[in-house]
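Trainee: These protein sequence lines map, in sequence, to chains Z and W.
For the first sequence, position 12 matches number 5 in our numbering, and the numbering has no gaps at all.
Take any residue in the second sequence, note its place counting from 1, add 1, and you have its number in our numbering.
Honestly, the hints are just simulated from the structure, not real lab data.
Mixed in with the good hints, there may be bad ones.
[Unchecked claim] A few chain W positions that, by computed beta-carbon distances, are all more than 10 Å from chain Z: (1) ILE8; (2) ALA11; (3) ALA17; (4) VAL100; (5) GLU175.
[Stated by the list, open to error] Partner residues are not named here, just some residues of chain W that face chain Z (Cβ under 7 Å, in silico): (6) SER41; (7) ALA44; (8) VAL46; (9) PRO47; (10) VAL98; (11) GLY103; (12) ARG182.
[To be verified] Here are the simulated EDC-like cross-link-like pairs (lysine to aspartate or glutamate), alpha carbons at most 16 Å apart as the crow flies: (13) Z:LYS35 - W:ASP144; (14) Z:LYS35 - Z:ASP156; (15) Z:LYS35 - Z:ASP153; (16) Z:LYS35 - W:ASP105; (17) Z:LYS35 - W:GLU96; (18) Z:LYS35 - W:GLU104.
All C-beta atoms, glycine included, are put in the ideal place defined by N, C-alpha and C.
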Amino acid sequence: MMRLPRIAALAAIVLGLAALPAFGQERPWLHVSVEDGNDNTKVEVNLPFAAVEALGDSLAEHIFDEIEKEWDHGADVDVDADDLRALWQSLRDNPGAWVTLDEENGGNLRARMDGDEIRIEGAGDDGALDVRIPVAFGDALFGEEGEEPDLAAAIRALRDHDDVLVSVGGDDGRVRVWIGPR
Amino acid sequence: MLRLLGILFAAALVSALIFGACLAACGVAVVSVVAEEGPSFVAPVPLMLPLAALHLVPDHLVDHEIHQDMEGLEGAAILALGPFARALEAAGDAELVRVTDGEDQVLIATEGDDLVIRVREGGDSGNRVFLRTPLRVLEDIGDACEASGESGIRCNPLAMARSLLTAARGTEIEVDGGATRVDITVW
């Protein structure tokens, strides 16, 4: 009979230890910072990632509709969803190998798969570009061949990124988008 | 004669009590205008008046829902308001947006259960706008609508109006233009 309280106490300790990571784990936030060095303008946006996911669940499908409308109306874009899916698969199939994205414009933009991220780097008149996209984002976005892109699932896949997503700029200004704690 | 006066007095007392109860239950918006030049005034507006007016709308109009064939993105944005506002509320106090352009600044934040917007134009002595409103106002706007078909949304405008008038209690609006200041508080 005396064993029962000791077993109960042990179980409580184990459950408590298992719960410790949850207590220490802060919910992620999406941060955006835009600075224009020329006119001293600064914009900072901070959103709890749960709110971003709520927006993604409602707006994702319609965002793609808007993008398709822009493409159909002759926007200055000469790639389509199939091209992007093929590029993504090429990066996945050749980890570590650089792929030039803008050969026609001098080859300043390139991408490669680096661990669990797709890195896109570039340099130009506006400064340096550094984009880090979790592989899970692209996999969720493009899905299997023939499937419709799922932006809502791709946004949810960003939740655990905890790093810079986009950093672009130079002396005249900078744009940073990252996911991290509050 | 005395009996008649007694009845009239009792009726007046009961009416005042009922009016006060309605005022407390339905709320009141107090509008204050203070001007350096010209008249200043303070006007209480009982919210029971528009609420009572809504109750007088015929049933067939109350049940009528407006089918808004909005552009897909616009309708989806309205539908997203409810979940978006609830996520903000759950996240606690936070500075959501800060825009700084020289001496001009816009600040949007959550404080408790409220959404707070502060606008400053022209530095500390310039124009200022302050708005505090419960996040549930956004929730009620979004929750009064639902998806309809592929790209439309269906909203019940009267339900939305009723919810807004109820949820807006605690709203404060201040506009300070230097020479004139307007304060609106919903109790």
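Trainee: If a hint holds in the structure, say so; if it does not, say that too.
Mentor: Results for each hint:
1. Distance check on ILE8 of chain W: its Cβ is at least 59 Å (rounded) from any Cβ of chain Z, clearing the 10 Å threshold; non-interface status holds.
2. Interface exclusion of ALA11 of chain W from chain Z stands, the closest Cβ pair being 55 Å apart, more than 10 Å.
3. Annotated as non-interface, ALA17 of chain W keeps its C-beta farther than 10 Å from every C-beta of chain Z; the closest such distance is 46 Å.
4. Taking the minimum C-beta to C-beta distance to chain Z, about 5 Å, the non-interface status of VAL100 of chain W is violated against the 10 Å cut.
5. No Cβ of chain Z approaches the Cβ of GLU175 of chain W within 10 Å, the least distance being about 24 Å, so the stated non-interface status holds.
6. Violation of the interface hint for SER41 of chain W is found here, the shortest Cβ-Cβ separation to chain Z being roughly 37 Å, above the 7 Å cut-off.
7. Evaluation of the ALA44 of chain W hint against chain Z yields a violated restraint, the C-beta minimum of about 37 Å exceeding 7 Å.
8. A cut of 7 Å between beta carbons decides the hint on VAL46 of chain W: the least distance to chain Z is about 33 Å, and the hint is violated.
9. Against a cut-off of 7 Å between C-beta atoms, the interface hint on PRO47 of chain W is violated, since the closest Cβ of chain Z lies about 35 Å away.
10. At about 5 Å, the closest approach between the beta carbon of VAL98 of chain W and any beta carbon in chain Z falls short of 7 Å, and the interface hint on this residue holds.
11. Below 7 Å, beta-carbon pairs count as interface contacts, and GLY103 of chain W has one with chain Z at about 6 Å; its hint therefore holds.
12. The beta carbon of ARG182 of chain W comes no nearer than 28 Å to any beta carbon in chain Z, farther than 7 Å, and the hint placing it at the interface is violated.
13. Straight-line distance between C-alpha atoms of LYS35 of chain Z and ASP144 of chain W comes to about 34 Å, which puts the hinted pair past the 16 Å bound.
14. Among the hinted pairs, LYS35 of chain Z with ASP156 of chain Z is inconsistent with the structure: their alpha-carbon atoms are about 21 Å apart, more than 16 Å.
15. This hinted pair does not check out: LYS35 of chain Z and ASP153 of chain Z have alpha carbons roughly 27 Å apart, beyond 16 Å.
16. As the CA atoms of LYS35 of chain Z and ASP105 of chain W are separated by approximately 11 Å, the hinted pair is consistent with the 16 Å bound.
17. Taking the CA atoms of LYS35 of chain Z and GLU96 of chain W, the gap is about 15 Å. The hint holds against a cut of 16 Å.
18. Annotation: proposed proximity of LYS35 of chain Z to GLU104 of chain W holds, straight-line Cα distance about 12 Å (limit 16 Å).
Violation of the numbered hints given earlier is confined to hints 4, 6, 7, 8, 9, 12, 13, 14 and 15; the remaining hints are satisfied by the structure.
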